[in-house]
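*Asks:* In order, the protein sequence lines correspond to chains A and B. Just so you know, we're using numbering that gives the first Met the number 0 here: the first sequence kicks off at 0 and counts up by one. Just so you know, we're using numbering that gives the first Met the number 0 here: the second sequence kicks off at 0 and counts up by one.
Note that these hints are calculated values from the structure, not bench results. Just so you know, even glycine gets a beta-carbon here, dropped at the ideal spot from N, CA and C. Treat the hints with care, as some may be off.
Okay, the calculated bits of chain A under chain B, using three or more residues with CB under 8 angstroms as the criterion [stated by the list, open to error]:
{"hint": "1", "stretch": "62-72"}
{"hint": "2", "stretch": "164-170"}
Have a look at the derived ranges for each label pair, beta carbon to beta carbon [to be verified]:
{"hint": "3", "chain 1": "A", "residue 1": "184", "chain 2": "B", "residue 2": "113", "range": "55 to 61 angstroms"}
{"hint": "4", "chain 1": "A", "residue 1": "184", "chain 2": "B", "residue 2": "62", "range": "19 to 25 angstroms"}
{"hint": "5", "chain 1": "A", "residue 1": "131", "chain 2": "B", "residue 2": "128", "range": "46 to 52 angstroms"}
{"hint": "6", "chain 1": "A", "residue 1": "261", "chain 2": "B", "residue 2": "83", "range": "47 to 53 angstroms"}
{"hint": "7", "chain 1": "B", "residue 1": "128", "chain 2": "A", "residue 2": "4", "range": "41 to 47 angstroms"}
{"hint": "8", "chain 1": "B", "residue 1": "128", "chain 2": "A", "residue 2": "155", "range": "19 to 25 angstroms"}
{"hint": "9", "chain 1": "B", "residue 1": "62", "chain 2": "A", "residue 2": "88", "range": "49 to 55 angstroms"}
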Amino acid sequence: MLSVELFVQGIVQGSIYALIALGLTLVYGLLRILHVAHAALFTLGAYIGVLVTNQTGSLPLALAAAALFAGFVGMAIYKLAYEPLLSRPPYIALIASIALFIASEEIYRITFGPYGLSFVDPPLQGQIQLFSGFYLKHGEVLVIGLSVTLLGLLAWLSSSTRTGIAWRATVTDPEIAQACGVNIQSVRYLNFFIGSALAAIAGVLVALLNNLVEPTMGSVPSYKALAIIVLGGLGSIRGTLLAAMALGVIEAFGTIYIGRMLDRDAIAFAFLIAVLMVRPRGLLGAR
Amino acid sequence: MLELRDLSCGYGDITALRSLSLTLDPGKILALIGPNGAGKTSTIMCLAGLVTRHGGEILLAGKDISNLPARARPSLGLAIVPEGRRVFAELTVGENLIVGGHTVDRLALQRNQARIFEYFPRLRERRGQHAGSLSGGEQQMLAIGRALMSDPKILLVDELSLGLMPKMVDECYEVLTQLSAAGVAIMLVEQSTERALSAADHVCVLEAGNVTWQGSATAAHQNKEVIEALLGTNTG
Ligand SMILES: Nc1ncnc2c1ncn2[C@@H]1O[C@H](COP(=O)(O)OP(=O)(O)OP(=O)(O)O)[C@@H](O)[C@H]1O
Ligand SMILES: [Mg+2]
Numbered sequence: 000m001l002s003v004e005l006f007v008q009g010i011v012q013g014s015i016y017a018l019i020a021l022g023l024t025l026v027y028g029l030l031r032i033l034h035v036a037h038a039a040l041f042t043l044g045a046y047i048g049v050l051v052t053n054q055t056g057s058l059p060l061a062l063a064a065a066a067l068f069a070g071f072v073g074m075a076i077y078k079l080a081y082e083p084l085l086s087r088p089p090y091i092a093l094i095a096s097i098a099l100f101i102a103s104e105e106i107y108r109i110t111f112g113p114y115g116l117s118f119v120d121p122p123l124q125g126q127i128q129l130f131s132g133f134y135l136k137h138g139e140v141l142v143i144g145l146s147v148t149l150l151g152l153l154a155w156l157s158s159s160t161r162t163g164i165a166w167r168a169t170v171t172d173p174e175i176a177q178a179c180g181v182n183i184q185s186v187r188y189l190n191f192f193i194g195s196a197l198a199a200i201a202g203v204l205v206a207l208l209n210n211l212v213e214p215t216m217g218s219v220p221s222y223k224a225l226a227i228i229v230l231g232g233l234g235s236i237r238g239t240l241l242a243a244m245a246l247g248v249i250e251a252f253g254t255i256y257i258g259r260m261l262d263r264d265a266i267a268f269a270f271l272i273a274v275l276m277v278r279p280r281g282l283l284g285a286r
Numbered sequence: 000m001l002e003l004r005d006l007s008c009g010y011g012d013i014t015a016l017r018s019l020s021l022t023l024d025p026g027k028i029l030a031l032i033g034p035n036g037a038g039k040t041s042t043i044m045c046l047a048g049l050v051t052r053h054g055g056e057i058l059l060a061g062k063d064i065s066n067l068p069a070r071a072r073p074s075l076g077l078a079i080v081p082e083g084r085r086v087f088a089e090l091t092v093g094e095n096l097i098v099g100g101h102t103v104d105r106l107a108l109q110r111n112q113a114r115i116f117e118y119f120p121r122l123r124e125r126r127g128q129h130a131g132s133l134s135g136g137e138q139q140m141l142a143i144g145r146a147l148m149s150d151p152k153i154l155l156v157d158e159l160s161l162g163l164m165p166k167m168v169d170e171c172y173e174v175l176t177q178l179s180a181a182g183v184a185i186m187l188v189e190q191s192t193e194r195a196l197s198a199a200d201h202v203c204v205l206e207a208g209n210v211t212w213q214g215s216a217t218a219a220h221q222n223k224e225v226i227e228a229l230l231g232t233n234t235g
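Next up, chain A with everything else stripped away, as it sits in the complex (with noise of 0.2 angstroms):
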């Protein structure tokens, strides 16, 4: 029954952890940046979460306030951060992302405080019984339910939309897809949009689980997330679906089984480590 119960958290864990990582891999396919400051997208949605929730009550309307107000947040980081260095070596970028990243965390704690915020009264603690003696928080299968449907959601736009087809052709071949006519200066707003309302959604959650926000929330999940998308053999949406699933479920048996050894966050690198000894490319990448 344990290994079951294990099982599920890892999900629940790796669900979060590939509603981060995809909004990595969409920048970075699209324009080989690693996007770091896309965590502080994480915490400014977990921020908007708990603060909506504790004014109105309503959680649906919390979780659609933090998706695009991140949302639109992103596109601002594309436009005034990214752009600008597009034609630079793509170390530029990921320096200015650090810089960001950094200083969202500062913004955080200047703007609400230190110690932190959480839900006046935290929705979802119910749970329920999927067989005797294993109980789910309500927060965790919202976790679950919600990922599925918007992965479920995003797969649809990109295979059956004439927008989300675009979208891949100019991750393909950017200068084809412009002859083609696409806009793809609107594709690149659509990509940082969604990837940015998706670690909102990630940090709403987050803030659910755990009852608390903190300015350096997003911190572990940025190096994670990072390495989830080199798993996942970078710019490939499956393989980070498939490394944030796989390491959700490792840390949670790990930090049962080897958990005096290696601790909870060490875990994902031992993984990475390993992973890339066997398979440089990744966990869907040729040998």
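Chain A is already provided as a structure; the job is to place chain B with the ligands on it using the hints.
*Replies:* What follows is chain B with the ligands alone, placed relative to chain A:
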């Protein structure tokens, strides 16, 4: 239809094309020939808006489109079959066609797709297959089909026959002839002088960015030695 006046283009300080002037009328085929590095691809890409214009004008149906971004050109009737085909490898054949028809409405999308499947029945068979898994000839057909999805009035085709089996090349040329009969103006970059001269109405020879000979295909036939000498001096 398409008129170039003193068109120059290049990359930063490098000039790839100097002062090209020509007109291309509906239903006509113009062949652009020249040795490697002559500036043929640069010319095509400049017309598509993907290589920086350094001077001169591009007029389409009398309208100056020189400053329009690349993405605004297909809706004016300009479409490109780029060098190396450059199909969207990770997209299916059907999806490649959808992107090609990005500027047309849903109805035209259906109609054009049906027409392209008539031109190239192989594409219909492979519509669900990833473009990257097609053979070279099939990819060339797809690149042509993708360009035709936007109902072009002017088709720019770069290196149609490169690396393809003669049978495939014939099949592609067959379609170009039909298009030209239907009134599409075609600018063709071709390695094989023989093919260029037999397909084209008008011939333009480039060498290191300069136009060294220009005239009708008939005149080109009569001056074949001159043209071959122009090409030969730089390839040999
Ligand atoms: N991206 C680029 N940056 C700088 N210079 C370039 C670039 N692409 C082409 N050139 C230069 O521009 C000139 C013309 O090249 P272009 O590719 O237009 O020739 P081409 O006639 O198409 O040759 P080929 O028959 O080999 O395809 C060459 O001197 C080439 O080195
Ligand atoms: Mg060329």
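*Asks:* State for each hint whether it applies.
*Replies:* How the hints compare with the structure:
Counting residues of the stretch 62-72 of chain A whose CB lies closer than 8 angstroms to any CB of chain B gives 0, which falls below the minimum of 3, so the coverage claim is violated. A count of 5 residues in the stretch 164-170 of chain A with a Cβ less than 8 angstroms from any Cβ of chain B is obtained; the coverage claim is therefore met, three being the minimum. For the pair residue 184 (chain A) and residue 113 (chain B), the beta carbons lie near 32 angstroms from each other, so the given range of 55 to 61 angstroms is not met. In this structure, residue 184 (chain A) and residue 62 (chain B) meet the distance hint of 19 to 25 angstroms, their C-beta atoms being roughly 23 angstroms apart.
Restraint check, residue 131 (chain A) to residue 128 (chain B): a C-beta distance of roughly 49 angstroms satisfies the suggested window 46 to 52 angstroms. The supplied range of 47 to 53 angstroms is met by residue 261 (chain A) and residue 83 (chain B), whose beta-carbon atoms lie about 48 angstroms from each other. Range check, residue 128 (chain B) to residue 4 (chain A): about 43 angstroms between beta-carbon atoms, so the 41 to 47 angstroms window is met. Distance hint for residue 128 (chain B) and residue 155 (chain A): a CB-CB separation of about 21 angstroms, consistent with the stated range 19 to 25 angstroms.
Taken as a hint, the range 49 to 55 angstroms is violated for the pair residue 62 (chain B) and residue 88 (chain A), whose Cβ atoms sit roughly 39 angstroms apart.
Of the numbered hints listed earlier, those contradicted by the structure are 1, 3, 9.
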